[in-house]
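> Make the full structure from the sequences, and use the hints.
Going down the list, the protein sequences come from chains L and D.
For reference, each letter of the first sequence is one residue, going 3 to 141 in the numbering used here.
For reference, each letter of the second sequence is one residue, going 3 to 141 in the numbering used here.
Honestly, the hints are just simulated from the structure, not real lab data.
Treat the hints with care, as some may be off.
Identical chains blur together in the list; that is why a pair holds if it fits in one copy or across any two.
Each computed DSBU-like pair below joins lysine-lysine, with the alpha-carbon atoms no more than 35 Å apart [claimed, not checked]:
id, residue 1, residue 2
1, K119, K38
2, K11, K119
3, K73, K38
Only a predicted model underlies this, so the values are computations on that prediction, with no experimental measurement involved.
Each chain, letter by letter, is given below.
Protein chains: 2
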Amino acid sequence: MPTTTAAQKRARAKLEYDAFLAGCPSRQLLDRISDKWVALILAALAGDDSTGPRSLRYSELSRRLAGVSQKMLTQTLRSLERDGLVTRTVTPTVPVTVTYDVTDLGISLQRVMLGLKEWAEAHMGDVLTNREHYATRES
Amino acid sequence: MPTTTAAQKRARAKLEYDAFLAGCPSRQLLDRISDKWVALILAALAGDDSTGPRSLRYSELSRRLAGVSQKMLTQTLRSLERDGLVTRTVTPTVPVTVTYDVTDLGISLQRVMLGLKEWAEAHMGDVLTNREHYATRES
DNA sequence: CAGGATCCCGCTAGATACTG
DNA sequence: CAGTATCTAGCGGGATCCTG
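Structural data, given as structure tokens:
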């Protein structure tokens, strides 16, 4: 007896929808930049202040992003390199020197992130205010 | 013997940095929009296609976002309401009718998200290509 | 210096069942 | 219809130790 038909159809629909989501460029971008450290690394390499892009060594990045673990720093840098957003350059001095630079693609992404930053600075205050009011009202 | 001084200083620095991060508007915004369903809900309420904002009922949202669980849909809607990005309207028909609308603040956020979407559609292909090349090359 | 390899814990998404 | 409540497994991410 195919009494499971309804549940099966829902499950199938969900799979298809998930596949659709996984393939959606916007979704992929969101997944990319929502990594905790991506924005910070990009900002550091692109120049936090109004100076231009700059090379940074692994240890320099580690210092600038005081809260990051080596694991996450390495992992994030690898994924950014893989995606062509930063480049990794090994100079065989002794001990070895590794520098990271943002690519053109990375810079263009960074500009989008600046748009986010501007919205955040303009409106996050309102959001937080709403959040508090919501918390302090009953019924 | 204060041999732990170094480790303690690092731990303290990390806490401060984390606090700094937690208070950073950009970080908060990223945390907000990287929720898996926020972008979809906002897009649905703001009008996926080029039609304007529209009201949607809970069940309509549930259908449009085929992959979402009731729990996550409710939870996400609550948080968006709390932040003043959508409004929730209960009409005491029988059975009860609940509609959701995007606020002006939500619309302005949605516009920022559109910027993300454009970048994604323009450049995510490059990123994926880089990703593949990275995977298929050795050494 | 710049990582690689492991272990492990907390959180959260999801499934399921129930309700006004 | 529009949720609430509970339980659990999976995994992202940190801490720690080790290496070329």
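> Could you tell me which of the numbered hints above are not met by this structure, giving the numbers in increasing order?
No hint contradicted; all consistent.
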